[in-house]
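*Asks:* Residue numbers (my numbering), protein chains in the order written: chain A, 23 to 447; chain B, 1489 to 1567.
Keep in mind that a hint or two might mislead.
[To be verified] When the alpha-carbon atoms are kept at most 20 Å apart in a straight line, the in silico PhoX-like pairs for lysine-lysine are as follows:
1) 387(A) - 372(A)
2) 1547(B) - 31(A)
3) 61(A) - 1547(B)
4) 31(A) - 1545(B)
5) 144(A) - 31(A)
Hints in this document: simulated from the structure, not taken from any laboratory.
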Amino acid sequence: MAPLEPWEKVLVDAEAFLATDHGELTCIECHNGTNVSNKDEAHAGMIASPSEQPDVYCAECHEEESAAYPAALHATQAGYWTTINARNGGIPEDHPALEEMFGNHCASCHTSCGECHVSQPKNVGGGLFTGHVFEKTPPMTRSCTACHGSRVGNEFLGKNEGIPGDVHFREARMSCVKCHEGAELHGMTETAAGAEHRYSGAEDPQCIDCHQYVADGSDSIEMHAQHGDGTELSCQVCHSVTYTSCDGCHVAVSETSGNPYFETDATYHTFFIGLNPIRSEDRPAKYVPVRHVPVAPTSYEFYGENLLRNFDVLPTWVYTTPHNIQRNTPQNASCEACHTNPEIFLTADKVQAVEQNANASVIVKTVPPAVELFLAAMPQPAAHAELVSDSCVACHETGIRNSPMYPEDHIGFSNESCSGCHKLP
Amino acid sequence: MDKRFIAGILLAVGVLLSACAASVEETPSVVETPVETEAVVESAPDASECLACHTDKQKLIDTAKPEEADHEAESKGVG
Chain A
23 MAPLEPWEKV LVDAEAFLAT DHGELTCIEC HNGTNVSNKD EAHAGMIASP
73 SEQPDVYCAE CHEEESAAYP AALHATQAGY WTTINARNGG IPEDHPALEE
123 MFGNHCASCH TSCGECHVSQ PKNVGGGLFT GHVFEKTPPM TRSCTACHGS
173 RVGNEFLGKN EGIPGDVHFR EARMSCVKCH EGAELHGMTE TAAGAEHRYS
223 GAEDPQCIDC HQYVADGSDS IEMHAQHGDG TELSCQVCHS VTYTSCDGCH
273 VAVSETSGNP YFETDATYHT FFIGLNPIRS EDRPAKYVPV RHVPVAPTSY
323 EFYGENLLRN FDVLPTWVYT TPHNIQRNTP QNASCEACHT NPEIFLTADK
373 VQAVEQNANA SVIVKTVPPA VELFLAAMPQ PAAHAELVSD SCVACHETGI
423 RNSPMYPEDH IGFSNESCSG CHKLP
Chain B
1489 MDKRFIAGIL LAVGVLLSAC AASVEETPSV VETPVETEAV VESAPDASEC
1539 LACHTDKQKL IDTAKPEEAD HEAESKGVG
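So that you can see chain B by itself, here it is in the shape it has in the complex:
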């Protein structure tokens, strides 16, 4: 009787411990969701695409839109 009772207690404790162990193992997997990694991946090309053009003098010359004429070109005298 006692042996069976003790065996039952041990079994229950074992189950409980294994449950705890499982939850401890799962926690890192939740933290490791790729949210932050994705954000970093997004920002890196953002800077490079804009800067790639806006630091390239020749590319800016080639792609510049012709400027509109000076709006005050027809003005006369001191403004």
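Pulled out of the complex, with its shape left as it was, chain A reads as follows:
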């Protein structure tokens, strides 16, 4: 997005603005300052972003949004702190350094009401959208993807060369807010209110909000009948395509200019299916796409030693929901495109040695076997439902208690894989 000239950022379209409800207010009612023609005098005491105080300047008309928004993720940036604190280990003496780092490199992503509804976000240079006219629906490319651009925006809009944009944009021309509604963005839904991370709680929005027929099996697509209940695969496992991953981001303050800056070691395109590191009743899929985030053990070393001392507590290949959904993808072209295809799974050989421990929860040890093997697999005896141990190999490796020993081609399969084929009746 091209930056605006300084004058463009503050040019008011009087005719358009004065015709709106906000145009009925005087400038000073929201922005303070003084009503004189001299610029410096006029701007003395001016409030450039009144909506940083929604309770004072917005609540009179937008009561519910103003009450909820200060606890929404765009305002709190809680997701940043959730992961920073986890990887730091919650060491209180590290916090001054981490807070300084956060202030220099992360805090500019905090978003006020006005940065979605009247101007471009400040971390892309700011500037009024349309002559100070407030937009109920933020303009997607000047607001949403202005910040969420390098990954979500490029994927959704099809800006990665050779990779088509998301079908919801490419064919349906849907904008972000078609799925991510105001209530969610304002922190007014049960999931979004006071969320600790964007993947906290239940999925919201969910694909099945619109594609209900997939979950109830009424669309007669065999793959949906086999996998559509959501307990094995997230929708993106079959319907997203290659997306952006990054490595080794380091932050520092320039010795020459005194400005904060960052350096990322590498950016590349991947599509890997991993084990779901945040599997829960809310997000039950066993397999999800995983994206490499650019954190490294030394990312914050400019600000202090060993600030990410608990680095291995979270994976660096993280749960992701790529925004480049396609109906037809390489991996859903046939059963074999996924089953027995190690290329698309995050196996240990694809993970850097120093990150093996951090990613132990997402690395796929056994690629799903051929479909024929699934179909031929004998079911577990019903009595196995009452077994306390979940270690299949404890009995089936040695054949104790007359249990059948698994065949040679099962060597290397892990316990977590057994029930994928050998279902309970």
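Let chain A serve as the given structure and place chain B on it in line with the hints.
*Replies:* Structure of chain B alone, referenced to chain A:
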């Protein structure tokens, strides 16, 4: 006696009526204090001074402060 009494009553009533008449006449003068007029006078130039500048492209160009360099200009790679 009666005439004097009646004249006294009439005089008293007259005084009372004149008092009422006076108060009725004074009420509008209280309402007409210039409070609201002053408020209107204040808000009119408020809009015009701010908008006069912020709708004038050339004036904004002439008076714009040079922008600080992009804080992330020294960054490398995808953010």
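*Asks:* For each hint, tell me whether it holds in the structure or not.
*Replies:* Evaluation of the provided hints:
1. About 12 Å separates the Cα atoms of residue 387(A) and residue 372(A), which keeps this hinted pair within 20 Å; it holds.
2. In summary, the hint linking residue 1547(B) to residue 31(A) is supported, as the alpha carbons are separated by about 13 Å, within the 20 Å threshold.
3. With a CA separation close to 11 Å, the supplied pair residue 61(A) and residue 1547(B) stays within the 20 Å bound.
4. Taking the CA atoms of residue 31(A) and residue 1545(B), the gap is about 11 Å. The hint holds against a cut of 20 Å.
5. Our distance criterion of 20 Å between C-alpha atoms is met by residue 144(A) and residue 31(A), whose separation comes to about 11 Å.
When the structure is compared with the earlier hints, no violation turns up for any of them.
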